[in-house]
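> Each chain, letter by letter, is given below.
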Amino acid sequence: MSTEMTTMNAAEELLGEAPSGLNLDKAVRYGGLLALSMIFVSLVGMVVGLDSRQILYWINPDVYVNHPGGVGISLGDIALFMWPLLLGAAVGNEVVLEGMVGRKRGVGDLLNGFVVGAVGGLGVAFMTMLMGWDREVDPDNGVADYGLRDPLVNWNEELYILLTFNRGWAFALWAWPLVGGVLAAVGASLRLMPDGIRKAAVAAVVAIVSVSIFQFLVDDLFEGVGETIADPGRLSNFFNDDPGAGRERVDSVFDGLIEFIYAQRGGLRLQGVILVGVAAAGLSLVGSYVTRGRVTKARKDYFDTPLPERTKSTAALMVLVSLALLILPFFTGKIVNELLANVGIFLLLALGLNIVVGLAGILDLGYVAFFAVGGYTTAILTSAGRGDAWPDWIPLFVNDGEPVLGGWLVALVIVMILAALTGLLIGAPVIRMRGDYLAIVTLGFGEIIRLLFLSDWLSGYFGGAQGITNIEGADFGPLGTVTGVNPRSVFYLVIVFSAIAIYISWRLEHSRLGRAWMAIREDESVAEAMGINTVNMKLMAFVVGAVLASFSGAIFSAKVGSIFPTSFLILVSIIILVVVIVGGMGNIMGVIVGSLVLIGVLGGPKQPGLLQEFSEYKLLIYGALLIWMMLKRPEGLVPNVRRSRELHQDEFLQDAWLKGEVDTDDEDGEVATEVAPA
Amino acid sequence: MSERILDIKNLSVTFGGLHALRDLNFHVDEGEIVGVIGPNGAGKTTFFNMISGMVTPTSGDILFEGESLIGLDPNQVTQRGISRTFQNVRLFANMTIAENVMVAQHCRTKQGVWGSLFNTPAFRKEEREIREHAEKVLGFFGTRLIGYRLEQPASVLSYANRRRLEIARAMATSPRLLLLDEPVAGMNPKESAELTDLIGKLRSEWGFTIVMIEHDMNVVRDVSDRVVCLDHGETLAQGSFEEVSNDPEVIEAYLGRPLEKRDAS
Amino acid sequence: MTAAVKVKGAQRTGVDWFLLFMRITLISFIGIGLVAFVAQQIDPTNPWATFWHGEEGASTLDWPQFQGLVVTGLSQGAMYGLIALGYSMVYGVLGFINFAHGEVFMIAAFTGFIMSTKFDEAGWWEGGVFIPAMILTIIVATIVSTFVAVIMERVAYRPLRGSPRLIPLITSIGVSFFLQNAVILLFGPGAKGYATFPDWLDKDRVNIWQIGTSDTGIPEYLFSIENKKLMVIVVAAISMAALWYFVERTKTGKAMRAVAEDKEIASLMGIDVDRTIVTTFAVGGAMAGIAGILWGILFKSVIATTGFLPGIKAFTAAVVGGVGNLGGAMAGGVSLGGAEALAPLMVLDPWGITGPSQLRDAVVFTLLILVLLIKPTGLFGERLSSEDRA
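Chains as they are written, first to last, in this note's numbering: chain F, 1 to 678; chain B, 1001 to 1265; chain R, 2001 to 2390.
Please note that a few of the clues may not be correct.
No farther apart than 35 Å at their CA atoms in a straight line, the calculated lysine-lysine pairs in the DSBU-like style are these [said to hold, decoys possible]:
no.	chain 1	residue 1	chain 2	residue 2
1	B	Lys1125	B	Lys1136
2	B	Lys1009	R	Lys2375
3	F	Lys606	R	Lys2254
4	R	Lys2118	R	Lys2203
5	R	Lys2254	F	Lys632
6	F	Lys26	F	Lys199
7	B	Lys1125	B	Lys1190
8	B	Lys1009	B	Lys1125
9	B	Lys1009	B	Lys1190
It is worth saying that the hints were derived from the structure and are not from the lab.
All chains should be modelled from the sequences, with the hints used to inform the complete structure.
In structure tokens, the structure reads:
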């Protein structure tokens, strides 16, 4: 198109001669940032704390059990060495507008990267020098104190040894700039590589790290599949996980492969690294050759299809994913199933919050209150251990220490009604407030409800700090009883409810109500002037969200078997918010991805994730993720087209202008005919 | 042109001692097009805000079809049959053009959670009707806002088209009285002439009664049955365009601006 | 919409009725509680008291106890007020709640802890050098908290200027989370005790007018205040006065008010908006820094979660006093502190609520809700630009 051509020419003219790429000023600044990042990561203890989890072993761990210099690359090493790679790559980052030609890249960029890494490395080396000053004289001296040891818990010998590669600070002083520089240059070189190779390299690294991180899952899954091949009969047991504590290891066809790839506890053997890396890189290369951009095109087509026509392919995709999810727990053991059940509980919460925050734009920080209401109501109705103060006419669905058939479902109906009422009670006073006041006041309500559950005053009802114990599971007759003892059963229950929640969100989003919510999110006072009763509509979103959260609470209560006020801290609200935001506000797929990645891998507020080593650091990571997402990618990992438009309106308009999609006043009719797709 | 659709009695509003409107008396008959003119800061937009329920008057009464609007929320006013546009175009920028118009039919439709969850026949029928009505309303502006544009976000529209879309959105609420706040501001002469025509058609084809704030005297002259001039929150003059434009007080308030402008165009 | 309360409500909706009901319930709950409190002071076995508390009747509060509660409330309230200033100023200028402001306060309290233990090791935390050491501690903590606030603005908030208004709020939640957990990881999760303060500060009291002796032989005074609480109130008052002078009388302060009113116009008038915003954060951070040390003096220990609740309470204080209104923030802080200290015994206890002090935080949140329901612009009126009010 002619307009585009002129734009490109103009861009080239504007840029003129390409600069060499070396930008010392910027590189030194990034280097400083790098040094700070690495020192921070070291001092919060991630380097030492995560060192126990190996990603790959250089040396076969069976041979050297306690190799002093470390036997491979650990998560701690990654936490440290990823910074030079990332910042090395970031230093070459430039904004290139669509339709313009980027600067030619060359050796200058590599040099830039090297300087970043060298400066950063020097920073770390300087710290090790400070730490080890006395040791040079006498190795028995500990780490120099300077009065830092007392407040800083991680200023210790272990860190010193790790940071100096166990060779003293004199070695670190020249090795660190070199290592940092080379790594950062490697990072910078990513931008020099041809697209295909870069993608392959990234694919290989991602594959290696994830195969290692998911070792437990992979191991468990393969073992389960192997067992099933040996004994297909075990599939018939629908709700119950295998009886007894832990399965016995059965020899299976996959044992050889697992043994080949993994050393102990998640670490890959070198051969495994090569196998996985080559496989991933190969797949990426071959894949891109075979499909030649057809996948990208298919994806683009999918997102360009107007919504009504898209529903069919979406439904097909959904069915596929849910089938895979349904089958998965049959092949995995208790620990993985427990994890999946936790993911499900938080997914359900996140889906509810997504309606409130993502669709209606109400920032509810007291969302945990509805989770608590669901949990406590279920507990009161299904636990013989509930407080004595309850009058007899409040039903109790327990018979001789056994749950009553269908009792949980009846309780659920009551839970739903109570949650809706709580939603109205909390929602009514806050719904007219400014968005940010609303956030704090809902947070206050969340705390009030928790404090009431905790108080001595109402302990006859809610048990105070002792909570309510002996909650019975949900009895579904022939299908079995859902309890925490059988995480698989919890998983299925939660999946059913998540499916319901997804259906509800999806239907509501594309209805009269969804449009009204969107309008409110965009401009509340105009929405009101256009005849939308904003108060009622917002209350409705609030209540729908509350009911979904209460379902999650009901399942949680049946799963855990006992609940305490400490399960319902504000922290829970915030973690759910992080899940929704990281996944992508207003996007169901995003929420699913968000809960799988965050709750599944890092873990929930109290629930461990796949990476148990992270449990200490996960809250820090959540905080950092939240900041980073808001700054760099507020639309989330899986963006909702509309939401990202809203958050990047300037860029979006610029792109649209460059593509000639924005109509201009003068040539109204002409543009319309020119751009209209055939 | 007999029945009074809107009757405003002794309307006043003060913002912290400042009289935005003082003792305004004003009426609109069924099927009329009334132009409201006046220099900047005369209280014209406040006047609209008050009719549409966004500002509560300090004293006085607003009767719409014989019933008072005082104390109603904006959405209730819209429900009663008054709809408006905004001086500084305020579209739902990230919703599509179709959605902008569809959402405006909110108060004329009633399907709730139940219908949308179970996709009932009534829900499907209503959705279809909403869509058809939206396309009909957009079709009023020719080909500009329909076809492939339906699914584009409102933010890509040109300024003139945004104004058109805003009018379409107001039309979609099925009002009896339409308040247009500077409908042709920022348009070129050709476009504003075209829109002037359309405003006439809004009455003849759609049966709306229209009150319009406008600075462009050509538009006011061409389309208004009656003109009201406001200044400092008070009515300076009412009557036909000729009467008002020759009123010495009005000319003074404007410092002769209407005449100049006529010469210029 | 700003219109939270309809002036003339010809048409009340269900929500309006519900809110009216809620307001009436809350106010009568408080009113009846207060009346019942007076009644049980006069006669602990009046019918109301025996109904709620059983045959023995309610326990009464004597003057020294009451006065002690008031003093505690005042001193904590003064601290909340100092933190509230930061919330209030940032909200006035940028129009968002800086959720992480509580962490700035916590970091200052932490700095104070580190300084105090180091001074103690050096033997400077007693005798004649205590006062200079204390002043130095305050200065260092203030510098650290100012620095943290400024960095926070630069890294997390400046790139977000002009984005939808909930985005910076969510970011600040992230910042708060991050700082809190970074402190836990850097310094350990436990509570950190300050070095012991000298007795003249920590234990001694100012007593005025002995009115009698208690049963155990301890003299009772009409008015008695611990030196530390007195010091907290005095320091807070001085800081407040200094801030008032800064904002109202200096050129930078005027620039701040101009930016709060309208950023665009202010920049057209030659005011460096970026620098003014940084100054706002810095001043707010400095106030939080002083408050952090005052916390240390009052409670003698600090933990990474110290910032969270006082932060929210301080925000509540800012809202109660009227956001953007500096005098209001201080007044809001003091009334909040008072309510927090007195309400459990004066309102909740007469209703027969056992363990009323457990519900102290709930009282604060209820107060926030009540103020926003009845007078959303705060008791002393907010001062915001029109764009922030919308």
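> Each hint needs a verdict: does it hold in this structure or not?
Hint by hint, here is what the structure shows:
no.	hint	verdict
1	Lys1125/B x Lys1136/B	16 Å, holds
2	Lys1009/B x Lys2375/R	31 Å, holds
3	Lys606/F x Lys2254/R	49 Å, violated
4	Lys2118/R x Lys2203/R	22 Å, holds
5	Lys2254/R x Lys632/F	34 Å, holds
6	Lys26/F x Lys199/F	26 Å, holds
7	Lys1125/B x Lys1190/B	40 Å, violated
8	Lys1009/B x Lys1125/B	43 Å, violated
9	Lys1009/B x Lys1190/B	38 Å, violated
In terms of the numbered hints stated before, the structure departs from hints 3, 7, 8, 9, listed from lowest to highest.
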